[in-house]
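Please build the complete structure, drawing on both the sequences and the hints.
Note that the protein sequences, when read in sequence, are chains W and Y.
Be aware that the first sequence starts at 1, since it is given in the numbering used here, and climbs by one per residue.
Be aware that the second sequence starts at 1, since it is given in the numbering used here, and climbs by one per residue.
Since the hints were derived computationally from the structure, they do not count as laboratory data.
Nothing here was measured: the structure is a model prediction, and the numbers come from that model.
Be a bit skeptical, because a hint or two may be false.
Computed list of lysine-lysine pairs in DSS-like fashion (alpha-carbon distance at most 30 Å, straight line) [said to hold, decoys possible]:
| hint | chain 1 | residue 1 | chain 2 | residue 2 |
| --- | --- | --- | --- | --- |
| 1 | W | Lys107 | Y | Lys196 |
| 2 | Y | Lys196 | W | Lys17 |
| 3 | Y | Lys104 | W | Lys305 |
| 4 | W | Lys18 | Y | Lys13 |
Listed below are several chain Y residues computed to face chain W (Cβ distance under 10 Å; list not exhaustive) [stated by the list, open to error]:
| hint | residue |
| --- | --- |
| 5 | Thr15 |
| 6 | Leu22 |
| 7 | Ser26 |
| 8 | Gly90 |
| 9 | Glu99 |
| 10 | Gly101 |
| 11 | Leu112 |
| 12 | Leu134 |
| 13 | Tyr171 |
| 14 | Gly175 |
| 15 | Leu187 |
| 16 | Ile189 |
| 17 | Ser193 |
| 18 | Trp195 |
Derived coverage of chain Y by chain W (criterion: at least 3 residues anywhere in the stretch with Cβ under 8 Å from a Cβ of chain W; other residues may be distant) [stated by the list, open to error]:
| hint | segment |
| --- | --- |
| 19 | 30 to 40 |
| 20 | 204 to 215 |
| 21 | 241 to 249 |
| 22 | 260 to 267 |
Positions of the beta carbon are idealized from the N, C-alpha and C atoms, including for glycine.
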Amino acid sequence: MLSSNVASENIGDFIYKKLAQFFALLVLLLVIVMGYEMYIGSQLSIDKFGWQFLVTSTWDPVKEIFGALPAIYGTLVSSFLALFISLPLGLGVAIFLSELAPNWLEKPLSFFTELLAGIPSVVYGLWGIFVLVPWLRNSVEPLLAKHLGYLPFFKGVPYGFGMLAAAIILSIMVLPIISSISRDVLKSVPDSQREAALALGATKWEVIKIVFSNSRSGILGATMLGLGRAIGETMAVTMVIGNRALISPSLFDPAYTMASVLANEFTEASSDLYLSALIELALILFFITIIINIAARLLVWSLEKRWSNVK
Amino acid sequence: MLNRNNLYFIRRKVTNHIMLSLTFLSVVLTVLPLLLIFYYTVTKGLTSLNLDFFIAMPKPVGEAGGGMANAIVGTLILIGIGGAIGLPVGIMSGTYLAEFGNNKFGNVVRFLADVLSGIPSIVVGVVAYTIVVLPMHHFSAFAGGVSLAILMIPTITRTTEEMIRLVPHSYREAGLALGIPKWKTSLVIILRSAWKGIATGVLLAFARAAGETAPLLFTALGNRFWSTKIFQPIASLTVYIYDYAKSPFTEWNDQAWTASLILIALISLISLLFKFLTRSKY
Numbered sequence: 001m002l003s004s005n006v007a008s009e010n011i012g013d014f015i016y017k018k019l020a021q022f023f024a025l026l027v028l029l030l031v032i033v034m035g036y037e038m039y040i041g042s043q044l045s046i047d048k049f050g051w052q053f054l055v056t057s058t059w060d061p062v063k064e065i066f067g068a069l070p071a072i073y074g075t076l077v078s079s080f081l082a083l084f085i086s087l088p089l090g091l092g093v094a095i096f097l098s099e100l101a102p103n104w105l106e107k108p109l110s111f112f113t114e115l116l117a118g119i120p121s122v123v124y125g126l127w128g129i130f131v132l133v134p135w136l137r138n139s140v141e142p143l144l145a146k147h148l149g150y151l152p153f154f155k156g157v158p159y160g161f162g163m164l165a166a167a168i169i170l171s172i173m174v175l176p177i178i179s180s181i182s183r184d185v186l187k188s189v190p191d192s193q194r195e196a197a198l199a200l201g202a203t204k205w206e207v208i209k210i211v212f213s214n215s216r217s218g219i220l221g222a223t224m225l226g227l228g229r230a231i232g233e234t235m236a237v238t239m240v241i242g243n244r245a246l247i248s249p250s251l252f253d254p255a256y257t258m259a260s261v262l263a264n265e266f267t268e269a270s271s272d273l274y275l276s277a278l279i280e281l282a283l284i285l286f287f288i289t290i291i292i293n294i295a296a297r298l299l300v301w302s303l304e305k306r307w308s309n310v311k
Numbered sequence: 001m002l003n004r005n006n007l008y009f010i011r012r013k014v015t016n017h018i019m020l021s022l023t024f025l026s027v028v029l030t031v032l033p034l035l036l037i038f039y040y041t042v043t044k045g046l047t048s049l050n051l052d053f054f055i056a057m058p059k060p061v062g063e064a065g066g067g068m069a070n071a072i073v074g075t076l077i078l079i080g081i082g083g084a085i086g087l088p089v090g091i092m093s094g095t096y097l098a099e100f101g102n103n104k105f106g107n108v109v110r111f112l113a114d115v116l117s118g119i120p121s122i123v124v125g126v127v128a129y130t131i132v133v134l135p136m137h138h139f140s141a142f143a144g145g146v147s148l149a150i151l152m153i154p155t156i157t158r159t160t161e162e163m164i165r166l167v168p169h170s171y172r173e174a175g176l177a178l179g180i181p182k183w184k185t186s187l188v189i190i191l192r193s194a195w196k197g198i199a200t201g202v203l204l205a206f207a208r209a210a211g212e213t214a215p216l217l218f219t220a221l222g223n224r225f226w227s228t229k230i231f232q233p234i235a236s237l238t239v240y241i242y243d244y245a246k247s248p249f250t251e252w253n254d255q256a257w258t259a260s261l262i263l264i265a266l267i268s269l270i271s272l273l274f275k276f277l278t279r280s281k282y
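Next up, the structure:
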């Protein structure tokens, strides 16, 4: 009687463990299936264009010539421009929150930056179309063209819609990620470091520099997570970038990103080859973001480990 | 000599003040766009906000008025389908990671869940298209729900794990000491103690799903008519915002703002609801 009871409990535990394991396996399978499905789906395009797909600058659905270069260019340029704007700002916010802000200010400000991350990207896009783009078209871009027009970056007609608008909206969206992760990284530096510097007579800023140099790899990780987000961001960018497969140095000109090509053209794909080329774009996007995310997480983890036994 | 020291000291002090003010300036520059987005969403959104917006159907081009009843219901149905698929997978895999996951397999799953959360939502949409829409030959609410589920899973998995790990070990020991089998201890004692935190993670996942547009564009597609059928295209607030924002008609633009306002309100409502639900008992 007793032994059968014990046995049935063990069976319960066994089933429970296997069931939980099954669901965990599903998560693993999900990532594999995603990669596999897109690889199969893009077979037609891979066979036809091969590696040329990555360096061809024509995207012509009518003649069925597909090259991803303008989309890759647009994705990388808009994302790095966004980082260029949001990195200094995000680090400033992180420093302020972790080193300077009094407690009563830190909580609501952290909450505020998290709220920013919760706004749907289509709302950013809406705001971009009706507020940001007109402002750029009427005030910012004419001003830039007047004073810096001799640079190739500020040539052409100021449409408003274009690379500059996309970079600005992306930088607003990436800011909360960079600032909140950097704040956590800075906070993980033990106080003994700050106290040592203060005891030697360092100013507040000099203390921050020391804290900073101790958390460089974590900040790099935060930046890369921001980059990953910017590269995959779809709606807000699609709504303001102008959507033209064009490689131009001018920030005023419309451009295209991989994500916005997908958003605009996926439902219109009229042939198998067209659809296959679009799926290949998604596959490239998938790999780029996976690599960036893995690198970023390894960096953030390595730093957290480093401080975990120093207090 | 003294003079040089003095200068050095002044320079350090000035640098200190300049840099600290710059950090404050960056806080202002970060908060400003958020305030602007809120300001515009509320003021522009309120102009076409009325009862019709919730209970009426969209009007054809040129006719004033009309609402988005179908999109509001559609968004709720899409989140519902996503939750029905994503919740069990997320909670059970999170439980696995916390209870049995201190091994190689656990590390791999944990890492992949993190990686999954970084994959762009539009890519998830493409995958949902290839595994659901292509075999079924038409767009459907179900396909949209699948893509939302994929987006929800990593958040739910990781929060569940973290919340279960926060439950004191003595709880588990107390359960086991009473002779309760491990699975029952885990389900009845541990999961229940961690429920509050898990619910917050779930709410976060739901709120994000409600705001997703990109994965719905070619899965749920959108629908101008009333539909609650799971295997038919369905409307959603976000896709409506996208379509109406691009349209040349000011009535539609105004309605896009109103939909944004409702969406933000809906997201806040979900969070409040969950807070209320989880607070009442414990």
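Hints, verified against the model:
1. W:Lys107 - Y:Lys196: Since the Cα atoms of Lys107 of chain W and Lys196 of chain Y sit roughly 21 Å apart, the hinted pair holds (cutoff 30 Å).
2. Y:Lys196 - W:Lys17: Distance of about 23 Å is within 30 Å: holds.
3. Y:Lys104 - W:Lys305: Cα-Cα ~18 Å, so holds.
4. W:Lys18 - Y:Lys13: Between Lys18 of chain W and Lys13 of chain Y the Cα gap is close to 63 Å, so the pair fails against 30 Å, i.e. violated.
5. Thr15: Cβ of Thr15 of chain Y sits 6 Å from chain W, so the hint holds.
6. Leu22: 6 Å, holds
7. Ser26: 3 Å, holds
8. Gly90: It holds, given that the least Cβ distance between Gly90 of chain Y and chain W is near 8 Å, below 10 Å.
9. Glu99: This hint holds: Glu99 of chain Y lies near chain W, its Cβ roughly 7 Å from the closest one there, short of 10 Å.
10. Gly101: Because about 7 Å separates Gly101 of chain Y from the closest Cβ in chain W, which is inside the 10 Å limit, the hint holds.
11. Leu112: Check passed: Cβ of Leu112 of chain Y comes within 5 Å of chain W, closer than 10 Å.
12. Leu134: 8 Å, holds
13. Tyr171: 17 Å, violated
14. Gly175: 13 Å, violated
15. Leu187: Hint on Leu187 of chain Y: holds, closest Cβ of chain W at ~8 Å, below 10 Å.
16. Ile189: 13 Å, violated
17. Ser193: Violated - the Cβ of Ser193 of chain Y stays beyond 10 Å from chain W, reaching only about 17 Å at its closest.
18. Trp195: Violated. Min distance 17 Å.
19. 30 to 40: Holds, because 7 residues of the segment 30 to 40 of chain Y bring their Cβ atoms closer than 8 Å to Cβ atoms of chain W.
20. 204 to 215: holds (count 7)
21. 241 to 249: That given contact holds, which follows from 4 residues of the segment 241 to 249 of chain Y lying within Cβ reach (below 8 Å) of chain W.
22. 260 to 267: holds (count 4)
Consistency with the previously given hints fails for numbers 4, 13, 14, 16, 17, 18, ordered from lowest to highest.
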